[in-house]
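Trainee: Model the full structure from these sequences, guided by the hints.
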Amino acid sequence: MNGIKSVREYALYERVVMRILFAWLVWWETPARLSFYAIPAPNGIARLLNLHFLLDPQVYAFCRVLLVIALVLYVLRLMLWLALPLALFVNVAASAVTNSQGAIQHAYQIVSLVLLAQTAAHFYGIWLRRAGEPRTFLEDRLVWWSQQTIVAVYLVAGITKLIVTKGLWIFQARMISVSMAKAAYQSFYDRLDHADLEQKLGMANFAATHGWIVALIAGCGLALELGSPLMLLNRSMAALFGCALLAFHLALDRTMDLGFIFNQWLLIIYMINIPYWIVTGARALNRNKSSNRLEMSA
Amino acid sequence: MVRHILEVISCKRRVPLRLAAAIEWLKRTRFKCLLVMTLLCLGLRENYPFSNFPMYSSFANHTSLLYLTDAQGTAVSGPTLGLQTSALKKIFDTQRRTELKKTTGPWKARVAIAEQIAGEALLGYLDRQGSVQPQIRNLLHGLRVQQLTIHLEGHDLVFETQTLATHE
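Protein sequence lines correspond, in order, to chains A and B. Residues 1 to 298 (the working numbering) make up the first sequence, in order. Residues 1001 to 1168 (the working numbering) make up the second sequence, in order.
Among the clues, some could well be false.
[As the list claims (entries may be wrong)] A partial selection of chain A residues facing chain B, derived with a Cβ cut-off under 10 Å:
id	residue
1	41
2	108
3	160
4	179
5	192
6	209
[As the list claims (entries may be wrong)] Listed below are the simulated DSS-like cross-link pairs for lysine-lysine, each with C-alpha atoms no more than 30 Å apart in a straight line:
id	chain 1	residue 1	chain 2	residue 2
7	B	1108	B	1090
8	A	166	B	1032
9	A	166	B	1101
10	B	1090	A	166
11	B	1102	B	1090
12	B	1101	B	1090
13	A	166	B	1108
Quick caveat, the hints were computed from the structure, so don't treat them as lab data. Glycine included, C-beta positions come from ideal geometry on N, C-alpha and C.
Mentor: Here you go:
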């Protein structure tokens, strides 16, 4: 039962905050509407299941109601055996339809994968309980597997860069100015904001003339992706790497319009874990104060 | 192979030693989810919810994007037609790849034909979207699919635009 003991434990307040924020994130990530006439290029689960029934607005509205119920049950930790698979199905099916229009987006997968990991962790935990594992480990494993899934996403992105370029990604990265210019124009044709275009094109031109500086910065990003498993070592490393990745996302958002907002939120919820550091900091302050008082009275 | 696996599962055949050792290791490791998710994402590639996250996995000294203009050449924002500009390009590229597989002959001529057909297919997609989003129907007449190509020549970015298709 070494595996069981090695699951990191979380206080109730941490788990409650994580639950509420993740439920909100799933709700936010799941498309509000599926305004598509068909599923022209089925992707993922849409290849296995006929999801055309979701294109009926009434059916999809009903699915959204089911999702709300599932997420409320999830937050209250009631009937998780039903809530998690239900939320997973609605979320994955709806996002798969969105991704089956011939244009694959990469912003949503991380939320669906964390939801999948939590569902798997729950049922794995139920199976382990038969072997005598305490009930309290059940939710700790959900958090632990969510963290591992977030790390897996970054690690896979890093490995793919090395596979596609045969290890030469950093050397190619000096040509990132072309992608920056493309991102600048894509953003412009989305919003028609001339000032924003000029600013972003300025950055792309800087990158074109200072290719190696940009390659160095991009190399730091790759190092963060490949080093992401270090986040699983302890809470401090999770917070440290979480903040570094968050900063990287914010920088990419500014320069290339690549916000990856769901990645950012998952880092904040499961890696940076602000409530833990607030409580730990407050306790440390209290300890200092009371030890000072003791010294004064002595 | 399948029969072999089924026999192992139904305990009619012993689990091979290496496989048994791998399963035992997987049971013991703290990082089983990381391992399984990484393998699934790399193995299944682009299959929602899995992905090998290939965006920006390589860079070239040239690229292109698509945007839309009205008959007068004024830019029309993608989201007003229900699509991000990046999605226009992805839909176009899917169709372009299909067309390239169908045609034969010199590469440049094949690309020109494939891009024209893909541009028209993109307008066809927007047309069909008009059936579920009536608010975009008025915007479609005279709509043009424009391709902006970006090259890095030395330390300079060079831009070229061409019209691929026009909505009749």
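Trainee: Against the structure shown, which of the earlier numbered hints fail to hold, in ascending order?
Mentor: When the structure is compared with the hints, none of them turns out to be violated.
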